[in-house]
Each structure stands twice: as C-alpha cells, then as structure tokens.
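J.: First to last, the protein sequences are chains V, C and L.
If you use my numbering, the first sequence corresponds to residues 13 to 218, in order.
If you use my numbering, the second sequence corresponds to residues 15 to 185, in order.
If you use my numbering, the third sequence corresponds to residues 322 to 718, in order.
It should be emphasised that the hints constitute simulated quantities derived from the structure, not laboratory data.
In this text, a Cβ means the ideal position worked out from N, Cα and C, and glycines have one as well.
Please note that the accuracy of each hint is not assured.
Output of the computed footprint for chain V on chain L, the stretches with three or more beta carbons under 8 Å from beta carbons of chain V [stated by the list, open to error]: (1) 377-383; (2) 637-645; (3) 693-707.
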Amino acid sequence: MFGTGLLQGLAVTAKNFAGSFLVRERFVTTQYPEERTKLPEAYRNFPFLVSESHDDPLGTLRCVACQICEKECPPQCIYIEKSRDKKPDANGKMQIYPAIFDIDTAVCMSCQICVEVCPFDAIKMDQVFEIAVTNRFDGLMLDKHALAKPNEYFHSIHPTEAAEVDGRLAASRRAAEEKARAAAAAKAGAKPAVPGPPPPTPGAQP
Amino acid sequence: MNAILLLIALATLGTAIVAMSGRNLLHSVLLLAVSWSGVAAFYLWAGAQFVAFAQVLVYLGAISMVVLFAVLLTRRAREDFGAPHNLTTRSRFAVAAGAAVAAVLLWAVSRSPLAGSKGPAPTVTVRDLGRQLLGQHAAALLVIGVLLTLALIGAVVLAAVDSPDFPEDAP
Amino acid sequence: MKTTSSLLENAPVLLRDWATAFLPARARWFADSLIDIVAILAVFGLLFAFLTLAERKILGRVQNRPGPNRAGWFGLLQPFADGIKMLTKEDVVPAAADQVLHFLAPVVLLAFSILTFAVIPYGRNLVPLDLDAAVVFFFAASSSTELAVFMAGWASHNKYSLFAAMRALAQLVSYELPLLLSVVPVALATGTLSTTGIVAAQAGWKWGLVPRWLVFTPWGAAAFAVFMVSALAESNRSPFDLPEAESELIAGHLTEYSGFKYALFFMAEYFGMCALSGMAVTLFLGGWQAPLPALEFIPSYAWFAVKLLALLSGFIWIRATLPRLRIDQLTRLAWKLLVPLALVNLVTAGFWELSAGWQGAHQPLRWAVAIVLVAGPALLLGRSLGSGIGPRTYRYA
Chain V
13 MFGTGLLQGL
23 AVTAKNFAGS
33 FLVRERFVTT
43 QYPEERTKLP
53 EAYRNFPFLV
63 SESHDDPLGT
73 LRCVACQICE
83 KECPPQCIYI
93 EKSRDKKPDA
103 NGKMQIYPAI
113 FDIDTAVCMS
123 CQICVEVCPF
133 DAIKMDQVFE
143 IAVTNRFDGL
153 MLDKHALAKP
163 NEYFHSIHPT
173 EAAEVDGRLA
183 ASRRAAEEKA
193 RAAAAAKAGA
203 KPAVPGPPPP
213 TPGAQP
Chain C
15 MNAILLLIAL
25 ATLGTAIVAM
35 SGRNLLHSVL
45 LLAVSWSGVA
55 AFYLWAGAQF
65 VAFAQVLVYL
75 GAISMVVLFA
85 VLLTRRARED
95 FGAPHNLTTR
105 SRFAVAAGAA
115 VAAVLLWAVS
125 RSPLAGSKGP
135 APTVTVRDLG
145 RQLLGQHAAA
155 LLVIGVLLTL
165 ALIGAVVLAA
175 VDSPDFPEDA
185 P
Chain L
322 MKTTSSLLEN
332 APVLLRDWAT
342 AFLPARARWF
352 ADSLIDIVAI
362 LAVFGLLFAF
372 LTLAERKILG
382 RVQNRPGPNR
392 AGWFGLLQPF
402 ADGIKMLTKE
412 DVVPAAADQV
422 LHFLAPVVLL
432 AFSILTFAVI
442 PYGRNLVPLD
452 LDAAVVFFFA
462 ASSSTELAVF
472 MAGWASHNKY
482 SLFAAMRALA
492 QLVSYELPLL
502 LSVVPVALAT
512 GTLSTTGIVA
522 AQAGWKWGLV
532 PRWLVFTPWG
542 AAAFAVFMVS
552 ALAESNRSPF
562 DLPEAESELI
572 AGHLTEYSGF
582 KYALFFMAEY
592 FGMCALSGMA
602 VTLFLGGWQA
612 PLPALEFIPS
622 YAWFAVKLLA
632 LLSGFIWIRA
642 TLPRLRIDQL
652 TRLAWKLLVP
662 LALVNLVTAG
672 FWELSAGWQG
682 AHQPLRWAVA
692 IVLVAGPALL
702 LGRSLGSGIG
712 PRTYRYA
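So that you can see chain V by itself, here it is in the shape it has in the complex (with noise of 0.2 Å):
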C-alpha cells in the first residue's frame, strides 16, 4: 500500500537506535585507543627478525646475513651488511650475522616475500600499526635494534605459525644430530677398531 514502503524503513532506523542501547552485540564500535580490537593471527603490517632468547635478543638473531630477502625485496626497503666476524648461532655452528640490517618502513609494502625466502625462518612479520613519529625523513627507518623481537613474542602474535617453525626447526636439528651421530657412528665402524690408550696392564706403573 501507499506509503507502508516507507514506514517499514523508519520502523528499521528506529530498531537499530533502540538496540544500540539495549543490545550490546549490535554496538560494534571499539573506542580506541582506550580499548584495541583483538587482530586476526594472520594479520601482518612490516617484518621484525626473530631472536631465539630474549635475554640478549642481538646476540642470537637467527638472521645469518644471506641477503636473499635483501635481492628478494620488491620496493628494495632492506638494507643488509654482513659481519666480518662469525659467532656461533643456536646449534653451535660459527656463522656470519648482520652487522647492519635496516629495513624502511615508509616504503615497506608488507607483502612478507622476505618471509617467504627465508631459509632459516629469521625473518618474520610484525603486527604493529603504532610506529607513527614526528620525522618524515628517517624516523621510520627501523633498524636491527628496533627489529631485533624474542621468539616468545612471535609466540605471542602468530602462535600457531610460531608453533610449526619450532616444530621444524627442532626436527630439523633433531636429523642433523641424528645424521651426526649416524656419521660418527659410520665412521667409528668404517674404520678398524683403532685400538685406543693399552689397557693399564696389571702391575705397569703409568
């Protein structure tokens, strides 16, 4: 009928006013920045490196300095020197770390390619959107400093992605020990048993 079209529309507008009050469900609005809405896992804005203690997050950066994701990068935002020294890494091998490692966060697009090539799960993505600052020239150029997170914070974000890495980074270091042993095992067989210090013959004196 003529004009019901219309009643039924202010009979809508005025459900919506009403359950704004009384309906908390319907009021989706967070007030930030007092209350922050709860961000999805996959959710990624810019790459952070990830250390394995949180003790001495530069000193075990698993980042070794291979520059693929510094070639990989699409906008060229990562900036790579590697070390001249070489410090053990988590399984005990001497390896090159970055000295200077800074990625540009005005240009990085966040399309996690760097994670991507990654070979040694050292690079990953970050959730922080708060990084706004005064200076529009370097003041969002993160360094290794600033990027340098524990592994429990990576934890804390991606927790199920956190939880594979782990997971294959153990049973990766698993096999490697498991081939060592094997090797050790191989080549303490391979070769005659050599016979190692005599036995202290009865009554010889060392």
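For chain V, the structure is supplied; the task is to place chains C and L on it using the hints.
T.: Structure of chains C and L alone, referenced to chain V:
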C-alpha cells in the same frame, strides 16, 4: 510629511533609479527587489499589514524568481549581462516614456478628491479584509481567480506539448 | 485559571519586567524588544549547536556506532569545537566572484530566517510580535530567503554553483505551494491568521481527555503530513537535500563558501528547520498547550519545547532512514502529489467545518466521509505516481 515616509520614499525611488540606470542586469534585478521591499515598508507605515506581507511574499518570493529565471534562461553568455551598445538612445526613450506615464498619473491623482484626514489611520483586521473580499468584491475576486486559472492551464499546456521537431525532448 | 499565576509559568515575563523596570515607559517597549531578540538568538543559537550534536549522535546510534564522544563528556563540547574550527578557517572568495553579492548572500539568508522567529508563540504570553496577519508574515519572510540562495549561486562565478542554485530555487518554489495550501484550512477552521489566535482556538479538551488540536481531525492530520513533507523540502533536509549534498555538484550553491560564511548558511538551514517546526507546533499541535488537563502545571514554554524537540527528532529520524530524491523526483512529488492533496484537503476541511453541527449518529458518518476524502486521493495519487516505474527503455540515435 513624516520623516519615516521620506526615508522609505527615498529608498524605494533611489534603488529603482539606480536599478534602471545600472550596467549589470542582475544587479538591476536585485536592486529592483530592494525597491519592492521599500513598497512593502510603505504599506507597513500606512498600517496595511496584510498587504505589506503579501507584497513581500509575492514580489520578493515569487516575482523576483520569475524575473531571475527569465533573465538567466534567455542570456547565453556572461557578456550579455552588460550594458547593450545603444544604451544612451534606449535610455533617452525610456526616460521620455516614463515621464509621460508619470505625468498622466500625477494629473489623475491631483484631480481626484482626496480629503486629507487628520485622525489616525483605521486599522483593518484580516477578518474585515476577508469579509470585504468575499462580500462586496466577490465578483472581482472570482474573475481574477478564473483569469489566473486560465493562465496556469495555458502555461501547463505550453510546457506539456511536445515540439514536433524534437520528440526525444518529451519527459 | 490557577495555573496562569504559577511562578514558573510567569517567570520569563516577570524577569523581563524586573530588568526593564528602571527605564521610562517610552524606552521600555524598545528594551523589551531588545531582550526578546537577545533571548531568541541565545536560545535558538544554543538549540542549533546542540541540534547538530544530537543529529550526529542519533544518526550514529541508528548506524550502530556512537556519534562524536571525544570532545567532552558524551561529545557535549563538539559544537563548540566545530564553531572554533569554522571561525578559524580561511575565508576564500574567488577573485572573479561578485564580491558584494558573495558577502551579502549569507547575511540576507540569515536575516530573513531569524525574522521568522518573531511570530511564533513560545508560551502563554511569550510571543515577540503579536501580528494580525502573523502567518503571512512568517511565510513572506521564509520565501524571501530564496533570493539569497540565488545570490549565493550567481555570485560565486561558477557555472556549477549556478546550476545548483537554479535547482535549489526550483525545489524551494515547488514546495512553497503545498506548504501554503496546507495552512489555508487552518485559517479556515480557526477564523484567524494570528498565531496567538490559532493557538487559542485549539484550547480545551473534548470529553475532558482528547485535546482539540487540529492534528486530531482527519483533514488536520493530512495537512500536518503535507506541511511536514514540505517543511523538509523547504529547509533542504534529507531526503530533499539535493542542493547541498556533497555528491551533487560538490556543495551546490555553497561550493565557494568557506569558514564562517558556510557556518552561517548551515545555521540558516537549521534555523529554518526550527522555525518551520515551531510553526507546525503552533498550527497543528496546539502550540504551548498541555495535552491533558492534569498536566497543566508544567509551564507552557516547556510543552512548546517538548513538542518542538519531538518534531526535530522526527526530522533527524527521517534523515537517518530515507535516501535522497533526484531533482525530477522531488518536483514530481511536489506538483503531482502534494499540491492536489493539499487542494483536496481544503475541500475536506470545508466539509468538516460545515458539518460541525451534526449530532448523534451523524458524527461517525462525518468522520467516515472525511477519512475517505483524505485517504482516497492519497492512495489513488500514490498509486498513479508509482506506476510506470519499470525497466528503462533506451532510445538510440
């Protein structure tokens, strides 16, 4: 002579003169609107409230719109709003014609028996006006009503008929 | 009546008389008028400020979000923040614009908008100007604001502003007619054009319970509906806000205005809304009168305020609900629906007044005939306007 009446008369005639002698057409229209509101002020001074408000409603609210639309819709370029090239000849003829009409009106007014009243002006309520319009002057009101209806119907017919040259202009 | 001597009721007049008591009698009239003007500007200025806030908050709540709530407790300081913003903006006037007209347009608009507040009775003895032809004064002042719209569009020296100004003028002129025609039956029924007289004619209660407001008659309800729709269009409110919508020729005739002049246009629009709502309360909702005899202890200006705020909330509710009409849809609504309805309403009102003496069993018959006369044309016209809407046919060159 009342000072207020003098002021109103100066405002009305002054703006009318400036409007008629102006160069810019739209400025003239707007000054004419001021002149019409001066006439409304005159009616208020004379105590005819209803006529004053009706003057504002009709002239400022409707007739000025009609004049503005007519001016805007018939000028093609902004340059058309300036003064035409034969302004001085036109204005001489206009002043002559206006002076003739004014002379006739003044002669008619001076010849009519208007007794100057010393008392205050009678206040006519809207109710009395209504009674007079529908009582004594009902016939005139009906004739004007029929005339306006005919004009409106004519306007609607003119606007609604499709021109045979441009059938796609039909709504 | 004992209520007229209550202190709260007479407080405004008593305050004013106390303030001007020390002046001689000749200057007292002038001082009274000055106080009235200042009071109206203050009250309606504050109402305008908080109306903008209320609109944003109500619109927000309807859209499942809070409105502004940062600028002070519940956003109450938001209008003042907006005011400061408008005042400190740079006033940009195009170099090719007509400087005098560009400056005068908001001034003329605001002047005529404020003039309309002079004849509305806000309380029992609270009408600034008690004119015999008050209703004509009101509509004369509100129709003179159209000149300012044209001045704004023309003086901007911008062809899009000019087109938009002409469209705005077309809208304003089209809706003048139903606005005025819906008020004519009120003059017919109450026998006067004075606003105080119209309010006084709606006094009393039928059977001690139902107020004799004109909106409770069939023709009154129809006239009220036509008046409200036309008032929406006259004050350029949604869904008739084509002249000032952002997506329509930028801001229409207001494109070249910035800062305080834009705020003045905005203020004039809200003042127009308040004045037309105030007039609707006066003409149809019984003005400052209480709806029940038992509630008469509440002062008259409080009742006026309650009714005014109810109508303004209705305006905001409609803005939250309805989409914008195109210019051809709006003019078609005015000329093909509202004007015939208003004319038929005149006939219905005439019938109602002539049959006022019917008694007994004829009363329901009177109501039935009046309702048919009101609802019938509305349904028929609505049906014919809605028909013919189907898929568009295209004609190619």
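J.: Tell me if chain V covers the stretch 377-383 of chain L under the three-residue, 8 Å CB rule, please?
T.: Our answer is that it holds, as 3 residues pass the Cβ test (under 8 Å) against chain V, meeting three.
J.: Quick check: do three or more residues in the stretch 693-707 of chain L have a beta carbon closer than 8 Å to a beta carbon of chain V?
T.: It holds, with 5 qualifying residues against the three required.
J.: Tell me whether the statement that chain V covers the stretch 637-645 of chain L is true, taking a Cβ distance below 8 Å and needing three residues at minimum.
T.: holds (count 5)
Violated hints are absent here; each numbered hint is respected by the structure.
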